[in-house]
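**Student:** Chains as they are written, first to last, in UniProt numbering: chain A, 1 to 477; chain B, 1 to 176.
This list has only true hints and no planted wrong ones.
Subject to a maximum C-alpha distance of 30 Å in a straight line, what follows is the list of computed DSS-like cross-link-like pairs (lysine-lysine): (1) A:83 / B:81; (2) B:94 / A:171; (3) A:171 / B:81; (4) A:226 / B:81; (5) A:247 / A:226; (6) A:149 / B:81.
Hint data in this document are derived by calculation from the structure and do not stem from the laboratory.
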Amino acid sequence: MSTSVEPFNRLVKLAARAFYDDITTKGDNQPKAGGRSDNRGIAVVVLDALTRRQWVREEDLAKDLKLHSKQLRRTLRFFEEEKLITRDHRKETAKGAKLYSAAIAATADGQQVGKEGEEKVKLHTHSYCCLDYSQIYDVVRYRLHRMRKNLKDELEDKNTVQEYICPNCGKRYNALDALQLVSLDDEYFHCERCNGELVAESDKLAAQEVGEGDDNARRRRREKLKDMLQKMEVQLKPLMEQLSRVKDLAVPEFGTLQAWEARASAAGRAANGDSSSNDPSKSSQGLGYGGTPMPFIGETKVEVAFSGVEGKDDVKPETSTSSLKVLPPWMIKQGMNLTKEQRGEVKQESKMDGTLAAPAVELSDEKKSINGNDAQSNLQDEYVKAYYAALLQKRQELEEAAKKQQESSQTLNSNDVSDSSSSRQVGMKSKRVEIDGDDDWEEAPVGASTIESFKVNDLNFEAEASGDDEDDIWEEG
Amino acid sequence: MFFHIILERNMQLHPRYFGRNLRENLAAKLMKDVEGTCSGRHGFVVAITGIENIGKGLIRDGTGFVTFPVKYQCVVFRPFKGEILEAVVTMVNKMGFFAEAGPVQIFVSNHLIPDDMEFQSGDMPNYTTSDGSVKIQKDCEVRLKIIGTRVDATEIFCIGTIKDDFLGVINDPATV
Chain A
1 MSTSVEPFNR LVKLAARAFY DDITTKGDNQ PKAGGRSDNR GIAVVVLDAL
51 TRRQWVREED LAKDLKLHSK QLRRTLRFFE EEKLITRDHR KETAKGAKLY
101 SAAIAATADG QQVGKEGEEK VKLHTHSYCC LDYSQIYDVV RYRLHRMRKN
151 LKDELEDKNT VQEYICPNCG KRYNALDALQ LVSLDDEYFH CERCNGELVA
201 ESDKLAAQEV GEGDDNARRR RREKLKDMLQ KMEVQLKPLM EQLSRVKDLA
251 VPEFGTLQAW EARASAAGRA ANGDSSSNDP SKSSQGLGYG GTPMPFIGET
301 KVEVAFSGVE GKDDVKPETS TSSLKVLPPW MIKQGMNLTK EQRGEVKQES
351 KMDGTLAAPA VELSDEKKSI NGNDAQSNLQ DEYVKAYYAA LLQKRQELEE
401 AAKKQQESSQ TLNSNDVSDS SSSRQVGMKS KRVEIDGDDD WEEAPVGAST
451 IESFKVNDLN FEAEASGDDE DDIWEEG
Chain B
1 MFFHIILERN MQLHPRYFGR NLRENLAAKL MKDVEGTCSG RHGFVVAITG
51 IENIGKGLIR DGTGFVTFPV KYQCVVFRPF KGEILEAVVT MVNKMGFFAE
101 AGPVQIFVSN HLIPDDMEFQ SGDMPNYTTS DGSVKIQKDC EVRLKIIGTR
151 VDATEIFCIG TIKDDFLGVI NDPATV
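This is chain A alone, in the form it adopts within the complex:
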């Protein structure tokens, strides 16, 4: 928020210095205070202080600025009339004040003030004020526009009634008399009295320097206006630049006092949810306070707009995931043209691989086939093939292992054991599902080898073993 507020704050400061520099907010009823309490510049100070705050209780602001609250209120009322700030007055108890304090505490740049005042307030009317940035932007723009337009109109004689003068008798006419002055003979106005040709006053000034004080004053005035316009353009240039800079930025909006309070305290709760012990009390106050739900309507509206902007991006991932969605088994029928993802094969396989912590390549292949079989009954054929392949491999391995055992029965290497045992386990499981009797003779040695290996092997093996255990359970279920 601070990034977008900054240019607006600069705008406020510039405007304050440009337009409210010498504003005295003296009441009409105290003219005698004149020289002693010259409070010019207070307006600028107050506005500057407001740029560093959001909603602020006026008493707190007065305390911070070391101003008398009456004086501050007069200044604030002036700014309210100038449409620079919004104010909110409400009767509130100590509780309401606390709510405000909580909100203040939640905002990052809010000053921690006014805590000590809580006990004193009992159903007093409190006033809060806040800069209204969007309105400030408009007000400043309008003010500049009016200034420029007024000067230009004056300069160009836009809305002035042309005056005519008779050079002979000095009688003056203005444009409203035009109808009586037109003559049918020529295209000039003629004096009613002497029938002399009238001249427009400014033309007369240009033609003959009569040196009449009135005319000179008029010309001087023109010069002055031109000068003024130029000065204005130069001196207000920073302000205009700031206005154009701010033009396309999102205006920081604090909402109404209630909305802001609710939002700020909610944000505060979210930010340090479990940090302080008095948080629950805060939240309960927030709930007890009637205005809480309303502000959040505004909040959700903002979110809706946000999603609308990014609608495209949101839709895309949804569709892509839905295409990858695994269809439940009861929806899959024979002859359906489904991808593997839809059948849920690939995912499960990858999952299995993940849990199995990358064993030997051939093992994983075997397991895949096993999983595929277990998962989908209509892949029976594939399974059978794989099964026989596995069986064949198994037999070979068994033979090799037997040879090995025969060769070096006492000098069993732990790595060898792990390899052989794990491969045996896989093969064994696949058999266990279908054929039990054949494998009975194998079980004893395998069990022995795993027990042995537990003692010697490392973590990697344990993980593998646990993965196999899971497989077992899954298959049986």
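We have chain A already, so just place chain B on it with the hints.
**Tutor:** This is chain B only, laid out in the frame that chain A set:
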């Protein structure tokens, strides 16, 4: 600006109109008397749209005329300062041009014509831009802003300007 208002007037009716058609005669006389007149307060009475109510007549001593207080609805037209009007140019001269919007006469002095328009005298005096694209002459229509009014008891005279945004010629019959 036009207004639809209710006005009241005391009508004096000659005894020869008394009879079945007294009310019709009264209304006809009212229209003849009132329509097209101008009062400083309400502006020009453009048209009478209806008779609201005719009060009790009072016979004048000596003459036999009867005075009826008549309330009537009418449309009035009153120009205001700052109002934008469309008007037809009636006369162009060196000092500016005259235009009329209905019953109202408006004078636009040459100071209130955009600076890029020059007066061209001749058979058909006119104000023309340097490139000749815009020409103000008799009978062309202009949109102007009233910057001053003089309201007399029986007439209203205005001065206008076309030296502003969106003002100037809107339809030139000579070129169409």
